[in-house]
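Student: In the working numbering, each number is its position in the sequence shown, counted from 1, plus 34.
Simulated from the structure, these hints should not be mistaken for laboratory data.
Computed from a prediction, not measured in an experiment: that's the story for all the values here.
Each residue gets a CB set at the ideal place from its N, CA and C atoms; glycine is no exception.
Incorrect hints may have been included.
Here are the computed lysine-lysine pairs in the BS3-like style, where the Cα-Cα straight-line distance is at most 30 angstroms [stated by the list, open to error]:
hint	residue 1	residue 2
1	346	270
2	339	395
3	241	89
4	234	45
5	65	49
6	241	346
7	386	400
8	228	270
9	400	159
10	400	339
11	89	45
12	159	270
13	228	322
14	395	408
15	270	400
Label-pair distances were calculated between CB atoms; the ranges are [said to hold, decoys possible]:
hint	residue 1	residue 2	range
16	283	367	36 to 42 angstroms
17	116	332	49 to 55 angstroms
18	243	115	42 to 48 angstroms
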Amino acid sequence: MTMKNEKTSRKTVLKDVSRIVIKIGTTSIMKNESIDTDFLDSIAAQTAALLAQGKEVIIVTSGAIGIGLKLLGIPTKPHEIPIRQAAASVGQGELMRYWNQAFMKHQILTAQILLSYDFYSDRVKYLNLRHSIITLLGYGVIPIINENDSTCTSEIETVFGDNDRLSAMVAGKIEADLLIILSDIDGLYDKNPKISNDAKLIAFVEKITPEIEAYGGDPTSTKGVGGMRTKIIAAKITEKSGCHMIIANSQISNVITRLAAGEEIGTLFYADTERTSDNKTRWIALSKSLGTITVDRGAMNAMLKTSGLLPKGIIAVEGDFERGDVVDIECGGAVFAKGITDYDAKKIQLIKGAHTDDIEKLLGHKDYDNVIRKENLSLLD
35 MTMKNEKTSR KTVLKDVSRI VIKIGTTSIM KNESIDTDFL DSIAAQTAAL
85 LAQGKEVIIV TSGAIGIGLK LLGIPTKPHE IPIRQAAASV GQGELMRYWN
135 QAFMKHQILT AQILLSYDFY SDRVKYLNLR HSIITLLGYG VIPIINENDS
185 TCTSEIETVF GDNDRLSAMV AGKIEADLLI ILSDIDGLYD KNPKISNDAK
235 LIAFVEKITP EIEAYGGDPT STKGVGGMRT KIIAAKITEK SGCHMIIANS
285 QISNVITRLA AGEEIGTLFY ADTERTSDNK TRWIALSKSL GTITVDRGAM
335 NAMLKTSGLL PKGIIAVEGD FERGDVVDIE CGGAVFAKGI TDYDAKKIQL
385 IKGAHTDDIE KLLGHKDYDN VIRKENLSLL D
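Using the sequences and the hints given, assemble the complete structure.
Tutor: In structure tokens, the structure reads:
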């Protein structure tokens, strides 16, 4: 593992980066309420340069709603979800048209992928998505990903936070080495630079501590210091996935190629790239939980020693989940693991606290000794 210290340069930390996710916010794409075609051309040119170096690139783009509102003649950004959905439907095609034009100048094909959160909680859908993206990359195609705003309801620009968290989920699940988040800010500051002249840019974050999280603002709000709340959440996701993350200002000339080359621009969130986490474990850790199983301390200690979860150690069950769903596992009020259940919530209610030998008597059948097998378990830091 390459640990960062005063003598360790970004070039050293990023020297082996080969798969890069680039997230681009609405404020970077739009200029005077219209698409900034010069900016998109610059992104395409820099991406072409990375491809020529043998790197793989995935783009997560925002902007569909903003473009749609402009085309529909709606002057302000509405809160009503149906209007925003309609704007996204209108704007997404136009957004992709501009991206296609920018990349075709370099004879590079693009592929549109629209995602919602359930793609990350269904393992079959996740595997299909991952295989699709990897195949596209193999053909030199640039996947351009956006949240599926036209069909989602509660997620629309609130769950993902203008695609910050979406880009982190994508980076984690396709085993990217680096996530670059481009925005209208220079990086993470210790204070809001818009109102504090003495705000200092934090160039490097080795670990996301409570102090670092506090720079993101009130955890009950999506609005943080300099719009940082969702970006810090994104960094926590990439940290767990072994993927470095950089926040940088999109208006810096050739910012992407310069970042990939190791220039000290913006804020780098360091990740331990030697995490021993396979694809399945990573998928479980990042998936949406559909319930909670509370266990006693003995069960928790056994699971921490790579054992599965037996019904004997279960204290309580919450939620209406099915067999094969992902659930949180907690002890003493703290979630320490997530796992795929081999029994649904109603059956676990019947067998909780029971010995393994009693499962068949209580249910009339026994599928597994464990409620969650160790191979379907992901321990959280």
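Student: So, against the hints stated earlier in the document, which numbers end up violated here?
Tutor: 1, 5, 6, 13, 15 and 18
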